[in-house]
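Protein chains in written order, with the working numbering: chain A, 1 to 104; chain B, 1 to 104; chain C, 1 to 104; chain D, 1 to 104; chain E, 1 to 104; chain F, 1 to 104; chain G, 1 to 104.
Everything labelled a hint here was simulated from the structure, so no lab data went into it.
Since the model is a prediction, treat every value here as computed from it, not as a measurement.
Where hints are given, some of them may not hold.
What the hints assert, rightly or not - Derived BS3-like pairs: lysine-lysine, alpha-carbon spacing no greater than 27 Å straight-line: (1) D/Lys72 with C/Lys61; (2) E/Lys84 with F/Lys72; (3) F/Lys9 with E/Lys84.
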Amino acid sequence: MTTALKSIKSLAPLLDRVLVQRIKAQTKTAGGIFLPESAVKELNEAKVLAVGPGGFDKDGKRMTPSVAPGDKVLIPQYGGSPIKVGEEEYSLFRDHELLAKINE
Amino acid sequence: MTTALKSIKSLAPLLDRVLVQRIKAQTKTAGGIFLPESAVKELNEAKVLAVGPGGFDKDGKRMTPSVAPGDKVLIPQYGGSPIKVGEEEYSLFRDHELLAKINE
Amino acid sequence: MTTALKSIKSLAPLLDRVLVQRIKAQTKTAGGIFLPESAVKELNEAKVLAVGPGGFDKDGKRMTPSVAPGDKVLIPQYGGSPIKVGEEEYSLFRDHELLAKINE
Amino acid sequence: MTTALKSIKSLAPLLDRVLVQRIKAQTKTAGGIFLPESAVKELNEAKVLAVGPGGFDKDGKRMTPSVAPGDKVLIPQYGGSPIKVGEEEYSLFRDHELLAKINE
Amino acid sequence: MTTALKSIKSLAPLLDRVLVQRIKAQTKTAGGIFLPESAVKELNEAKVLAVGPGGFDKDGKRMTPSVAPGDKVLIPQYGGSPIKVGEEEYSLFRDHELLAKINE
Amino acid sequence: MTTALKSIKSLAPLLDRVLVQRIKAQTKTAGGIFLPESAVKELNEAKVLAVGPGGFDKDGKRMTPSVAPGDKVLIPQYGGSPIKVGEEEYSLFRDHELLAKINE
Amino acid sequence: MTTALKSIKSLAPLLDRVLVQRIKAQTKTAGGIFLPESAVKELNEAKVLAVGPGGFDKDGKRMTPSVAPGDKVLIPQYGGSPIKVGEEEYSLFRDHELLAKINE
């Protein structure tokens, strides 16, 4: 999706949506040699940038999201709404679509 | 959809529907040079014009909508009901289809 | 659908159904000149003629319909059950399918 | 569906089912002239012959049907289970599929 | 489905299932003349042989089935699980799939 | 599905799953004559070997399964998860998929 | 899915997700002879490495997962989200997708 946003920080996800940015794969080996582009795979890891207030359960109560800004998460292979701000790409997932937290 | 409305202001969305107008992309560069039409992309940002009273939860209580008139929102790539009033185009979305609020 | 009804007034919608009649587009310009037929578009505006008693929520309580006879409404592009009485055409929609009220 | 029923009166619909018989279109004009068969359209009006005790809501309580034997109703264009008893044809609809009552 | 059952009586339907046997169409006319096989249609009438204890509603309570052994019922044109015991054929339907009771 | 299980007894079904083994059709006639393989049909009867603790209803309470180990049951023509342990084949069904108990 | 994880231990499944690793089939016979690769079948047995805190029931309460880290489980033939960490492969299943516990 195309936006004219100046900064991704102006985006506040609604309901149970979670704004993430995919973590870029390293393009150099540990020894500092640049990898050929075909060897750089897109990772399914992402950093949580912003989290909506939570969706509603069937009694109209907010459900607390499972993640918080700053969390590193495992995202599914498919799905999510892509957003482009300048040259950077982001995605919006629903809270329950995120697979796992990554603790480091 | 075609209407004979004199003004979009006469439209009061029902239930959880939200009336928005897509924000037009700039057709000039910052320096004032006109962009060729092919370089002007349709934005997924929209301004909320009117909001329905909210849908019903399963106990028959109204659910408060997540947005209010005047809000700027990120709309999904597909979906929504297009409405034409005069030369202007508008869309109706359901509250939960809106992706994020845009704070400026 | 074909009926042998003498008058549309004999039709009492059941549950959450709403009987509407599409508003006919003007076939003359403001200045009184007749528009060619190809320029007359079918409008998505309709007048509510009759409203059912409301559907049931999951606890068996009637849900009050959102519109009332006499209301002008925006109807969706597709859907509804068409009914023909004499030369006139009407439609039955479910309450939640109606998009917006039109206030004049 | 084929039955060996002697009379349609022996049929007691179960749950929310409603037994109706389509009203036959007139095959003569008001002036008594017979219409050619191609001009006789099948009507979407039907007479209610029998009504089941009502389906169950999610708490196991019976939901009162919207129609009663003797009612004239508008039936949908498609759907319903056709039943043939002798030369006569009948249909079973679910209560919520009936569109409107016809008051005369 | 193929079984090695000695008697259909050993079958006790589970939950909301109902065991029925289709009533065979008469192969003779009232006057005793045998009908050609092509004129003998399969009937949608069946006799209830056994009824399960009932399915559960959403609160875990058993829902009383609508029919009892010995009832004659109208079965839908399609559906049901066929069972063969010796040369005889039977069917298992879910309670809510049965269309009507036949009172004689 | 392939397993390295030493014994099927080590398998404890989860939630509402039921472990069954299909009953083998007789390959001899009552008089002791071997049937040609083409005449031996796969039966839809199975013996219950193990039963899960039951699924959860919508209030989070366990629902008691309908069958117990040792029960003989009628299984549906299609469905179930096949499991192979050594040369023997077993299946896992969900409790509600089983059609009937077989009482002998 | 591709990750840059250093260790699978840094993965904490969300909601009702369960992280498992498939048990490798033996590549030698009991007598110590190596099996040809075509004779080594992928097993549907897996070891549970980590378990999410549980999904929510419809009243917003956590549902206790059926398995715990260290459990050996039977996994379905299809489904699950594959994850690769270094040369090792893992899968994420939802709790209710696991078929059985394997007790040894």
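For each hint, the structure was consulted:
Pair hint lysine 72 of chain D plus lysine 61 of chain C holds up; C-alpha atoms about 25 Å apart against a cutoff of 27 Å. Between lysine 84 of chain E and lysine 72 of chain F the alpha-carbon distance is near 17 Å, which keeps this suggested pair within the 27 Å criterion. Taking the CA atoms of lysine 9 of chain F and lysine 84 of chain E, the gap is about 32 Å. The hint is violated against a cut of 27 Å.
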